[in-house]
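Peer 1: Protein sequence lines, in the order shown, are assigned to chains A, B and C.
Under this note's numbering, residues 624 to 823 are what the first sequence spells out, in order.
Under this note's numbering, residues 58 to 461 are what the second sequence spells out, in order.
Under this note's numbering, residues 29 to 193 are what the third sequence spells out, in order.
Check the hints yourself; a few may be wrong.
Claimed, not checked - No farther apart than 30 Å at their CA atoms in a straight line, the calculated lysine-lysine pairs in the DSS-like style are these: (1) B:Lys364 with B:Lys163; (2) C:Lys71 with B:Lys340; (3) B:Lys299 with C:Lys71; (4) C:Lys71 with B:Lys275; (5) B:Lys152 with C:Lys71; (6) C:Lys39 with B:Lys255.
Keep in mind that the hints were calculated from the coordinates and are not lab data.
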Amino acid sequence: MAVEPLPDNVMVTKLDELASWCRKNSLWPMPFATACCGIELMATGASRHDIARFGAEAFRFSPRQCDLMIVAGRVAMKMLPVLQRIWQQMNEPKWCISMGACASTGGVFDTYAVVQGIDRFIPVDMYVPGCPPRPEQLIQSIMDLQDKIQREGTIGGAEFDTAQRQAPKRALVELPVYGQTPYFNPNSPLARNVARRSPS
Amino acid sequence: MATAIESNPSSSQQDYLWTLNFGPQHPATHTTLRIVLKLDGERVVDAVPDIGYLHSGFEKLGEYLDYNQYVTITDRMNYISPVANNVAWHGAVEKLLGIEITPRCKYIRVIVAELARISDHLLSCGAMGLDTGAFTFFLYAFYQREKLYDIFETMSGQRFHPSYTRVGGLMYDFTPIVIEKIREFLKNFPNTMDDLEKLLNRNRIFVDRTKGVGVLSKEDATNFSAAGPVARASGVPRDLRKDEPYLAYKDFDFQVCCATAGDCFARYYVRMAEIRESLKIVKQALDNLPAGPVNVGVDERTTLPTKQQVYNSIEGTITHFELVMLNRGFTVPTEETYAATEAPNGELGFYIAGDGSDVAYRARSRPPSFIHFGIFPHLIRGHTLSDVVAVLGSLNIIAAELDR
Amino acid sequence: MTTPATLEALKSQFGELATSEFRGDTRLVLSAAQLPDVMGWLKNNRRFDLLVDVTCVDYLNFRDATDRYGLVYLLANTITAERITVRVYVNDPNPTVPSMTMYWQGANWLERECYDMFGVEFAGHPDHRRILMPEEFTAFPLRKDYPMQGRGERHNFPVLERSDA
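Isolated chain A (complex conformation) (with noise of 0.2 Å):
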């Protein structure tokens, strides 16, 4: 019985494979864009940087049509609730990419309105840094992000449930937080010339 060569024109694959190769390069962004960063994502769907490139072109601002959602900007404590909800409304498989300081960990922000990170609330799959992070780094990330899906996804959305991915990163563990010193401290004797009094 003679096995027949594969013609040229015929690849085989696993399927988890080819699921996960069609995923990652028809990501369409779901852009949560709130403040800077918006703009920079943008100047990323703009002609000089472009996003249509890797295939999410489509910018849907639907959460039900969309697969990942990009956090541009500071998320202020009345958005957050918006967020989640916007989360839920999409549907599985979805990553999110957190841009920017302001959605990574609250950024210059560090006030009583600002969240200090949404990974506090939500699932984050890459983080970008910058304030605002520039184009190119955007589109690394959407790069380092198709690796990822690529290196993890399943059809059965297996890889959303396993306990070493579930376990908090270090970075998350919660830090104690001390109140941001004054800049000028009203006690030193050098303090000739100030109005300031310690609040009592």
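For this one, chain A is given, so just place chains B and C on it according to the hints.
Peer 2: Then chains B and C, alone, in the frame of chain A:
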């Protein structure tokens, strides 16, 4: 006290009205603002804006960061023309301190403020085009903005959010490469400007969508505290660059662009005309750029001196010591003042209360977008749902300035 | 940049009011009771038709301060580009000031923001509720006794795991 959504209690008796939530996440590119619309079919009967979805406590941060650190926060207010905010903030701080900056610094601040104005108007008109369906205009405008980003990056190291100004001067002086890039931009941009105008100025669809929509009369514009292109498009000829000249605007020859119609098309047209005027100003400023130092001298004790000054003069050493050591820094009068500049969006002013230390006691920004969004319910009444996007685009609401 | 003519007319109309000047700005100090009359006169007679800003400063930690809240109204004249600053001082408890929405519609949102951030109430305001903070927020953030990181409101939300859809 009125409940959360209804501002007009009598309308609850009209049950045929339909409530639509133009929610904080929406396709129009003005990021997080929310409008609750009461519709009668397609007509808007009432619109209640609900804001605060990007409130980040900027004014509270102003009480913890000193005058040179806070400029990084002012960048993030009107983030499509950040350098204009820097110029406004330090203009207010320098007014409080009573410092007069050098002529070269004034000219450079004028140049970057006008480049920021071009950048802002390009994005505002581009977003207005994008929201009404003109995608090509948006792409052309963004490509030119990338050229402006190149200039800002060469000048300060960051594409946007340059935090370019400091108390008494600038972060870096202009190098010859920056001047070369600006000249090249000035040479190539008018062709693109002609293309942009050809795309939308007489475009039947765009004109039909924006003419007669969202009309703001002249009295209403002043009563609602509008400023900038929104007010000028309604016939209020107020431009702080001409009325209360600050920096070096007295030396330049340019015109204030006004319109009388007060509708969305007039606001778009005023912005396009202002881009051309800004090009004129930048050209004049670049041709007459004075030589000399860009930071104020060491007597003011506000800017870091050069190394030669530190090593060779006693004032330089003292200034360096005063600025670098903690618990020192420059003394600020225990007074309050307000200074405004003509930002691309309107009158951007900072009300600063100083208390002697180099951290402000209160740093309030007067945000033009906040005030213009208050006009929105008045403008949209009676128009259809598709006009909501056109009106929002013409007001140029930036959510970060709206909420601070 | 208030013209001497305005100050003279002000003095002849309302008598001696406390004015001061700093770096070209003229500040006028009023009491909350005088506010509607003087502001109405400034708008109608002297044509200060543009209300530039309404803001507030909390003087809790300020040296030598006698009143806690200082409200600031910045007015401008669009024809002559004249400016004037009007100050009103109010105190705890119940800091209340008449609302200026009867003269300038722009005061509507500006006063709402003062209420939201400082708790200063505006009598006669048509829509007196919070504007920037969520409705259920109870504190007034820009007061000096409210800490900058807040009191835990910003992280008081449920956590979504990856296993929940």
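Peer 1: Are the hints correct? Go through all of them and say.
Peer 2: Outcome of the hint check:
Pair hint Lys364 of chain B plus Lys163 of chain B holds up; C-alpha atoms about 23 Å apart against a cutoff of 30 Å. Pair hint Lys71 of chain C plus Lys340 of chain B does not hold up; C-alpha atoms about 40 Å apart against a cutoff of 30 Å. Using a Cα cut-off of 30 Å, the hinted pair Lys299 of chain B and Lys71 of chain C holds, with the two alpha carbons roughly 23 Å apart. Distance restraint check for Lys71 of chain C and Lys275 of chain B: the Cα-Cα separation of roughly 16 Å lies within the 30 Å cut-off, and the hinted pair is therefore satisfied.
For the proposed pair Lys152 of chain B and Lys71 of chain C, the alpha carbon gap of about 27 Å is at most 30 Å, so the pair holds. Simply put, Lys39 of chain C and Lys255 of chain B have alpha-carbon atoms about 57 Å apart, too far for the 30 Å limit, and the pair is violated.
Violated hints, listed in ascending order, are 2 and 6; each of the other numbered hints is respected by the structure.
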